[in-house]
Amino acid sequence: MKTIAIKAEWASLSLAEDDSPIVCMKYNGTARCVRFESLEQLKQAIDRKKVSTKKWAIAIPRSSCILKPLTLPASNSAEALTMIEFELPYIIPLPIEEIAYGITLLSKQDNMLNVLVCILKLNTLNEYLKPYRAIRIEPRMITLDSLAIQNWFNNANTFKPEAVISALIKKRQFVVQTCIEGNLQEANTFPLSDQDGTISTYEIAQEMLHQSESLAPSLGKTSVFLLSGVEKYVSEVKNLLCTTKRDPTVPNRVSVVPNPNILNYNSDIKTEDYDGEFSCEAIINTGLLDLAANSKLPHSNLLPQQYLKRYEQKALFLKYMFMGTLVLVLVLLVWLNLMTVNWRIERMSRMIESQIAPIEHIASAVDSKHQRVRAIQGQLSNRGRITAIIDELYRYTPKAISISELNFVSKHSGVSIDIKGQADALSTAFDYTDAVSEAELLNELRIKDAQQIPKPGGSIAVFKAHCDIRNK
Amino acid sequence: MSVMIASVKNNREKVLAIIAVSVVFGTFIFTVIIAPQLDERKSRLARMHQLQLKLMKMRGDLLIKDRIDSIYSQIKPLIVSNGTDQQEISLFTRELRNLYSKLRVNTRTIKILPIVNEEFYKRLSIRIEMSGHIQEIINFVHSVETYHNPIRIEQLNITAREIADNVQASFLVTKVVAESET
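These protein sequence lines are chains A and B, in that order. Start counting the first sequence at 1080; every next residue gets the next number (the working numbering). Start counting the second sequence at 647; every next residue gets the next number (the working numbering).
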């Protein structure tokens, strides 16, 4: 037998009157309800990955909760929820550890919020969740079924009127709800059969009209009547509403919302006609899935605070783990990059070494010879230079000048001489530069210091000169 | 660590805690993982550059091999090593003495300077101070500059004395002694 396999982040789950579980998940972009024969079958489907989801949402009957309207000086629902924690001891005489609570917005006036506090005993909640926990399903969202129904009717109605009176008609009971500006105001559940067993659709129509009339006149005249559930009763109620003489405008405001399709897990994606038997659960599940998946009414979640904190911590831990892993991967990549660079450098070095190896011996022999040759050549170069310099000095020095000291220095930068001498006059000393200008080796003789010194019977000029030697 | 950060309620403190943890973690990662690799890269690059220079130099040496061989064969008679430094210095002083002994000069001091050892040769240096007639000093210079061994005057200082044509001279004479190829 071929069965469908659905994978989604969120799934909503409820048990029908015959204890068959109805699961609603997004499949091919639209929410689909799948009916399983039993919880055991659902468990098998989960184990075989036919149904794969991370988060489950479950709706709690409104009748199981203690509901208390409150007006709080809060700007938003999150602030109101924080305030409720301090108000709880005055609302219910139970320790906070033994209850789960949530809020839904009723209306907002200036800086005051009217909220409906939903309180659920943990014992009741645990009792309700027992069959789900038996197949290892731990819900991440628990909310009132009436909120899920309201959300479904809101989504089904494209006109978005200010006030909506909706009726969900089941086989044995019906729920009539009033919703203003998208916020659930009132929800009442009534048995559908009288004491003698006859079905009273008239009661439904009367209750809807009554709720419409109890609204402010401006809202009551524009409110929309939405019907869904068992088709036979729905059409009867519609006829009754359309023929009512209490308000002639009602027929124009009545609409029937088609029930969601239900698939049978055993028969692939073929839609089963259950004659509206499971339509109520499908409606609740579809509305609930939309609430959960789109994080609508997050403060209505009746999941106990310790579970919520645990999930938050887990999510935070996963986030940090992800970030940590990302950082580690980045570090690893950087490290690998550097390793690769080092490896490439090493490879190039080896390549150069392999080129060096065959020529190393010959090249080092050449190098050693070269160094010796250079040293010897350097030593032998410019031989006879000093003799030639002295010869040029002898030839080009004027008779009036006598040299008292000659200093010859040979450096890597070149050869130079420093001269100390005497002349009969300062002008003769300075003419020395011109006198050696035609010399081959003596290049630009510069008088650095010259002074006239008195002597008995006259004076002499003492000077210092520097001269660079030309290379031959 | 993440739980610790999560337990911090104040947003500012949380940001500071995250920054502190990030800085410590970043420093640790850099010190333990990144920095050693960077150092390794630096040393390997330096080694590779050295090898590249060595290769270039060797290729250059190969290009001039024939020319060097030719010159080397010409100067080979000058490349004679006579043994220890002591022996070399002894020979060098003897050679110098031979050069000035025939001249009429007064040798004042002979100072042996430290030997400079290069890779394939060594440089011996001697400072000599002498006095005498200028012509004799010039003759000594000439005899050094025409000596067959690689001897060279690096520095020369000639100062006139009171006596006519008599000078005092100071020489720094060097000699290169290359070891022959093994």
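If you're looking for bench data, these hints aren't it; they were derived computationally from the structure. For each residue, glycine too, the CB sits at the ideal point set by N, CA and C. A hint or two may mislead.
As the list claims (entries may be wrong) - Heads up, simulated DSBU-like pairs for lysine-lysine below, C-alpha to C-alpha not over 30 Å straight-line:
#1 B:K660 - A:K1375
#2 A:K1105 - A:K1086
#3 A:K1543 - B:K711
#4 A:K1490 - B:K703
#5 A:K1239 - A:K1375
#6 A:K1490 - B:K700
#7 A:K1122 - A:K1200
#8 A:K1200 - A:K1311
#9 A:K1534 - A:K1122
#10 B:K660 - A:K1388
#11 A:K1209 - B:K757
#12 A:K1133 - A:K1388
#13 A:K1147 - A:K1086
#14 A:K1317 - B:K703
#15 A:K1133 - A:K1187
#16 A:K1499 - B:K700
#17 A:K1490 - B:K660
#18 B:K660 - A:K1134
#19 A:K1311 - A:K1105
#20 B:K757 - A:K1490
#21 B:K660 - A:K1393
#22 B:K660 - A:K1398
Said to hold, decoys possible - From chain A, some residues computed to sit far from chain B (all C-beta separations above 10 Å):
#23 K1105
#24 Y1211
#25 S1297
#26 P1330
#27 E1356
Beyond 10 Å from every chain B Cβ: check whether that's true for E1356 of chain A.
-> 47 Å, holds
Would the pair K1133 of chain A and K1187 of chain A pass a check requiring their Cα atoms to be no farther apart than 30 Å?
-> Not satisfied, since the Cα-Cα distance of roughly 35 Å exceeds 30 Å.
Mind checking the alpha carbons of K1200 of chain A and K1311 of chain A for me, to see if they're no more than 30 Å apart?
-> 37 Å, violated
Between K660 of chain B and K1134 of chain A, is the straight-line Cα distance small enough, at 30 Å or below?
-> Roughly 29 Å between the alpha carbons, so the hint for K660 of chain B and K1134 of chain A holds.
Does K1490 of chain A pair with K703 of chain B here, judged by a C-alpha cut-off of 30 Å?
-> Judged against 30 Å, a Cα distance of about 26 Å means the pair holds.
Could you grab the alpha-carbon distance between K1311 of chain A and K1105 of chain A and see if it respects the 30 Å cut-off?
-> Satisfied, since the Cα-Cα distance of roughly 29 Å is no more than 30 Å.
Mind checking the alpha carbons of K1209 of chain A and K757 of chain B for me, to see if they're no more than 30 Å apart?
-> Since the Cα atoms of K1209 of chain A and K757 of chain B sit roughly 111 Å apart, the hinted pair is violated (cutoff 30 Å).
When you check the alpha-carbon spacing of K1122 of chain A and K1200 of chain A, does it fall within 30 Å?
-> 27 Å, holds
Taking the closest pair, is the beta carbon of Y1211 of chain A still more than 10 Å from chain B?
-> 29 Å, holds
Does K1490 of chain A lie within 30 Å of K757 of chain B when you go C-alpha to C-alpha?
-> Cα-Cα ~20 Å, so holds.
Would K1105 of chain A pass as off the interface with chain B, using Cβ distances and a cut of 10 Å?
-> K1105 of chain A clear of chain B: closest Cβ-Cβ about 31 Å, beyond 10 Å.
Starting from K1133 of chain A, check that the Cα of K1388 of chain A is at most 30 Å away, please.
-> 17 Å, holds
Consistency with the previously given hints fails for numbers 3, 8, 9, 11, 13, 14, 15, 16 and 17, ordered from lowest to highest.
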